[in-house]
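A.B. asks: Assemble the complex: chain E is given as a structure, and chain L must be docked to it using the hints.
Protein chains: 2
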Amino acid sequence: MKKAVVLLSGGLDSATTAAIAISQGFEVHALSFSYGQRHLRELESSKAVAKSLGIHEHLVINFDMGQIGGSALTAPIDVPKGERPPEGGPIPVTYVPARNTVFLSFALGWAEVLEAPDIFIGANINDYSGYPDCRPEYLEAFEQMANLATKASVEGKKLHFRINAPLLRMTKAQIIKAGAALGVDYSLTWSCYDPQPDGRTCGRCDSCLFRAKGFEEAGITDPLLKKNKRGFIIQP
Amino acid sequence: MKKAVVLLSGGLDSATTAAIAISQGFEVHALSFSYGQRHLRELESSKAVAKSLGIHEHLVINFDMGQIGGSALTAPIDVPKGERPPEGGPIPVTYVPARNTVFLSFALGWAEVLEAPDIFIGANINDYSGYPDCRPEYLEAFEQMANLATKASVEGKKLHFRINAPLLRMTKAQIIKAGAALGVDYSLTWSCYDPQPDGRTCGRCDSCLFRAKGFEEAGITDPLLKKNKRGFIIQP
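So the protein lines, in turn, are chains E and L.
Under the working numbering, residue 1457 is the last one in the first sequence; the count climbs by one each step, no gaps.
Under the working numbering, residue 1457 is the last one in the second sequence; the count climbs by one each step, no gaps.
Treat the hints as calculated values from the structure; they're not laboratory data.
C-beta: ideal position from N, C-alpha, C; glycine also.
Some hints here could point you the wrong way.
Only some residues are given here: those of chain E computed to face chain L with a beta carbon under 10 Å [what the hints assert, rightly or not]:
id, residue
1, Ser1292
2, Pro1311
3, Ile1312
4, Thr1322
5, Phe1324
6, Ala1373
Per label pair, the in silico range of CB-to-CB distance [unchecked claim]:
id, chain 1, residue 1, chain 2, residue 2, range
7, L, Pro1311, E, Pro1357, 32 to 42 Å
8, L, Glu1361, E, Asp1299, 32 to 42 Å
9, L, Met1222, E, Glu1438, 47 to 57 Å
10, E, Ile1312, L, Ile1298, 40 to 50 Å
11, L, Ile1346, E, Lys1434, 47 to 57 Å
12, L, Asn1283, E, Lys1379, 24 to 34 Å
13, L, Glu1438, E, Asp1299, 56 to 66 Å
14, L, Ile1312, E, Lys1223, 19 to 29 Å
Pulled out of the complex, with its shape left as it was, chain E reads as follows (with noise of 0.2 Å):
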């Protein structure tokens, strides 16, 4: 069986490349990260998403970004509130720096390891904040400097690795529609970049307000969360 590498963090956009890539035929092999983000909560996710999904294996590797610092999601810096970050504006301070490409790189490693030349990653450039690793031209960039970096892809080229975004041109709603085909419980994932201290979604991050304008626009109901009686999307 054919074996792949995917970014799982939980939410809900690598859940659906999870799915996509066992519909693929690929034994998956999930890799998530406890880098000292804010919503460690993904990671509980991450694992129900797993194993929902009958998932091969799951590794967590932890190191703490915190200690580079530079982001609402690793330092004391307030995440942004209320409203969907512009098209084409600046980058908001959720953007974690160079964290896609540290992530990839631990992938590359383990796919090096298992040999599996697929390595799978939920980056979309549609209903997403601008961040740079995620952009097409970023991801070819990387795939270059895979086949340079290991061993596996020089000697004897045994393996020539691809990093595969196979939602990177789907907007929130096709996302979701997608993996509801595919089954994937949106129930179990996690997308908030402020859990709240009694444990709910915050209903106002970036990352909340794209998940809730993809269902909406899905026509699907979030089954993680309801509106409260100010309107912000919470978890019931």
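C.D. replies: Leaving out everything else, chain L in the frame of chain E:
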């Protein structure tokens, strides 16, 4: 003062690289990793070297590449002994999958936060074990990727990252001479992949052998080591 992030393992190459960066007028932010390496001893050296060179700041990031495995440095695989790997031969099992890619990725994230366009790495392609992630074509591909990966390189093009590898085409002897001229105290450095239970170097791994050859060719006595009765290079 212009800033640089310098990968500092505690070995002689990275110590020399840091000294070169300082001699070029950089404020050095040194980055080391506790990554589950068998020779964790090198971290003590990285701290001593940083102190001795008067490095501005030294950060150690922790994770466990042993979770991925695939290398004699991070998994229970014997470190080869007794012969330097032949040029153009197979890459030895001391290769750690995607290690330099992971290290450079963290360096990139930190460089972005520090607004430091220059990243230094002690890679070189003479007197080395043939690791793919030390070659110029790899470093160029990483640099290209880095300049698409970050907010700072995209938004207003505030930073253009450069991967500096000043030792790239030097022999080990040339490196040692250059470092000695810059006042690097090599007695503080550590190269051995397989520290012995008594805390000494093994004297017979690739890294010990390249170090010994370098000092011999440079006509300098390695201040860390001497030969024992059986002719092996060991710590006094």
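A.B. asks: Against this structure, judge whether each hint is valid.
C.D. replies: Now the hints, each set against the structure:
1. Ser1292: holds, 9 Å
2. Pro1311: holds, 7 Å
3. Ile1312: holds, 5 Å
4. Thr1322: Interface hint status for Thr1322 (chain E): holds (4 Å vs cutoff 10 Å).
5. Phe1324: Phe1324 (chain E) check passes; min Cβ-Cβ to chain L is 9 Å, inside 10 Å.
6. Ala1373: holds, 8 Å
7. L:Pro1311 with E:Pro1357: 32 to 42 Å: Distance hint for Pro1311 (chain L), Pro1357 (chain E) holds at roughly 35 Å.
8. L:Glu1361 with E:Asp1299: 32 to 42 Å: At roughly 39 Å between Cβ atoms, Asp1299 (chain E) and Glu1361 (chain L) fall inside 32 to 42 Å, so the hint holds.
9. L:Met1222 with E:Glu1438: 47 to 57 Å: For Met1222 (chain L) and Glu1438 (chain E) the Cβ distance comes to about 51 Å; the hint holds.
10. E:Ile1312 with L:Ile1298: 40 to 50 Å: About 42 Å separates the Cβ atoms of Ile1312 (chain E) and Ile1298 (chain L), which means 40 to 50 Å holds.
11. L:Ile1346 with E:Lys1434: 47 to 57 Å: holds, 50 Å
12. L:Asn1283 with E:Lys1379: 24 to 34 Å: Distance hint for Asn1283 (chain L), Lys1379 (chain E) holds at roughly 31 Å.
13. L:Glu1438 with E:Asp1299: 56 to 66 Å: Holds: the Cβ-Cβ distance is about 57 Å, inside 56 to 66 Å.
14. L:Ile1312 with E:Lys1223: 19 to 29 Å: holds, 25 Å
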